[in-house]
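Hints are included, so try docking the two chains, each in its own frame, into the full complex.
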Amino acid sequence: MTKCPACLVGFAQGDFPMLAEHLVERADESDPDHVRWLNQNLSRRKTAAASLLPGLTELFALPDGSLPRWVKTRFIAKFFGKVPHPFVEALQHPTRATLLGYVFEHQHFLRQWVRSCAFIMARTDRPEVIRYELDNLTTEYGGYGPDRPSHYELLLRMGESLGVDRSVVLGTPPLPATRRSIEQWNEMATREHWVSVLTAMHGLELIANRNLVDDGASVHYFDPAILQGQEITSAAQAFLREGYEADVGHSDEALALSDRFARELGVVEEVQSVFLRSIDLFDDYLVGRLERSGRFA
Amino acid sequence: MKRNYDGCAICDSTWGNVWAEVEGERMFFCCDLCVVQFRGLIDRIKQETGWDRIDAIEIAGDRRGRVCVAESAGDRARFGFAFTPEGQLLRFSRGTASSA
Chain A
1 MTKCPACLVG FAQGDFPMLA EHLVERADES DPDHVRWLNQ NLSRRKTAAA SLLPGLTELF
61 ALPDGSLPRW VKTRFIAKFF GKVPHPFVEA LQHPTRATLL GYVFEHQHFL RQWVRSCAFI
121 MARTDRPEVI RYELDNLTTE YGGYGPDRPS HYELLLRMGE SLGVDRSVVL GTPPLPATRR
181 SIEQWNEMAT REHWVSVLTA MHGLELIANR NLVDDGASVH YFDPAILQGQ EITSAAQAFL
241 REGYEADVGH SDEALALSDR FARELGVVEE VQSVFLRSID LFDDYLVGRL ERSGRFA
Chain B
298 MKRNYDGCAI CDSTWGNVWA EVEGERMFFC CDLCVVQFRG LIDRIKQETG WDRIDAIEIA
358 GDRRGRVCVA ESAGDRARFG FAFTPEGQLL RFSRGTASSA
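Line by line, the protein sequences are chains A and B. Numbering follows the working numbering, with no gaps: position 164 of the first sequence is 164. Numbering follows the working numbering, with no gaps: position 37 of the second sequence is 334.
Here chain B stands alone, though its shape is the one from the complex (with noise of 0.2 Å):
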């Protein structure tokens, strides 16, 4: 899966040491809440979508609120959501992936 971020899945940041599965591949996490937070919406976003895998995803924003644009097989989509202290999706919404 293509990220734009070379920390942490999630966030970016560059502390912590966890490596955990997601979609087959072995990705950085700065911690087990961001492992959490990074599954769930990648659950959400296929369940959403009805996609079978993500090629890539970009996020930006920071804990307050993000947003990110998923791909898979040339189709793109954009949300907005956060979390909930225990790394729950807290809100999710679908936006327009042309205004990402």
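Bound-form chain A, shown alone (with noise of 0.2 Å):
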């Protein structure tokens, strides 16, 4: 099945010449996730459908046939090109206030990160997956006792040592572009097929992938000296480090994953789809950090 990237109807297998006018339909109707997606990915002067033809076709071809070197393309291209997404700039040496935007807002990001997790487990026959997402559930939330913090205890540290008690983090609602995040992010784990759902939410760990400057990023998420020197607090360069060492193998497994499966399964194009829509979600998301951050500036 082929779905649109921007609100994830279906179409048959490879029927981009429908996919295309139903951009062009919901474009005419000034949807903003249409206009959008259309805007940021083919163009943005109105044009017939046909005429989206190749951009589309091209867009949505694997480079060489891989899978996740075309996760990684877009990832990279959204993110981490010329001009990096502007959280990333801001995390390269991040400042009080845009740690505390990161630390308000991610809370709400990890504990959907849980639920969509659970459902890649609930709706999967596959143990290697199963495995994969147990393993990845204990190192991001529940955590593998004292000596091995979550990233989610970590984060409320980070917090802890800017001056923030966790009680307040935790009591503080999101701001509107992490909620409607979390709720499509919900939503797609609860529709979607896991593979899907798989590729879109653990290819978001590419962020903190440092391998990804040998992919073509022009940046990583942060500047590695960061974690020396005291220029940030060493709980937070314990939060930081974390997701430095641990998101190379979540990323790059859960890629191998979706890569095998989405063949063996046929679906292919709907994990395209669904991944493209996750990493607009994500860019989004990213924003409501910085409105965070604002805050505190």
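What the hints contain is simulated information worked out from the structure, not anything from laboratory work. Cβ atoms here follow ideal geometry from the backbone N, Cα and C, with glycine treated the same way. Where hints are given, some of them may not hold.
Claimed, not checked - To give an idea of the interface, some chain B residues facing chain A are shown, with a C-beta separation under 7 Å as derived from the structure:
hint, residue
1, S310
2, W312
3, C327
4, E383
Stated by the list, open to error - Part of the chain B face toward chain A, derived, beta carbon under 10 Å:
hint, residue
5, N301
6, C305
7, C308
8, T311
9, R360
10, G362
11, V366
12, P382
Structure follows, in structure tokens:
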């Protein structure tokens, strides 16, 4: 099945002409998500559906037939291009405000993360996927005991090191950008194929994949130099270091599983569209972190 | 209000079909979100400058960050800005008109 990358409505596999018609129709209705997708991915100039086909076909084409490479290429283009995402720029040498924006919004993201991964486990019958998710959830949320706290716990400790008690963080509702993104990730997790959800969620862990510069990323998620010295608190270093060390394995292993099962189950095209939707949501969510940061500046 | 875009007043897209009145003029926008953005921008420029009207606005850039040069009764001012996903100003700063 092919899906619309703006709203995830489905079409017959390979039916890009129908997808192009749909995009034009929804844009004619001035739907912001469809207009945005066309503006950012194909063209800002209105055109006939047939004229969109070459660009659409090219966008979905897998380089050397590799789904992981396609995922990385799209991710780099969106977050690590010549002008990186503004949150990535802010995180290179983060201020207290930037890190607090991260803490307040990310606790909501991680709580949704658990639910999305739980849906993958509930729907897959592949033991290797279950094992992968169990390990991921333990690292991200459960922790491996006092010596290896979870990423969630390290996030809250980072907030405390910056002078904000965890009760304040946990009692603060998400900003609208975060709320909308996590609601849509939740809906995605409940409705979409588990291979799509696997790719859409764990593909986001590419954000901290330090090897992405070898694939063309203009910068790392943050300047690795901040993990040394006293530019940021040691709790902030511990939080960022954990992702820096874990997310290479998390994202690469997930993409290998995605590549294998998307092909085996014949769902490559829908996996691609769901991933494209997910990175648009992630883009908005990262702006939400910046918006929150502005309240501490 | 004189503009440099022939498409949507904020992003120059020619998709969509929203017409909204801003500063007494009916303008084309690609979606409602851009209407919110443009109205918020105009209000903020007027608030910043004390102008009661804007005669011309020239916008450049993309969603990551835009700059504009606004004119009113012969005065010019330059601003940098970006929006939240809801169309509110995420950042707004004043520069020098000559640097535009």
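Hint check results:
1. S310: holds, 4 Å
2. W312: Holds. Min distance 4 Å.
3. C327: holds, 5 Å
4. E383: Constraint on B:E383 satisfied, holds at 5 Å.
5. N301: Because about 14 Å separates B:N301 from the closest Cβ in chain A, which is outside the 10 Å limit, the hint is violated.
6. C305: Cβ of B:C305 sits 8 Å from chain A, so the hint holds.
7. C308: holds, 7 Å
8. T311: holds, 4 Å
9. R360: Holds: closest Cβ of chain A sits about 8 Å from B:R360, inside 10 Å.
10. G362: holds, 7 Å
11. V366: violated, 21 Å
12. P382: OK, holds: B:P382 within 10 Å of chain A, min 4 Å.
Figure legend: structure checked against the earlier numbered hints; hints not met, in rising order: 5, 11.
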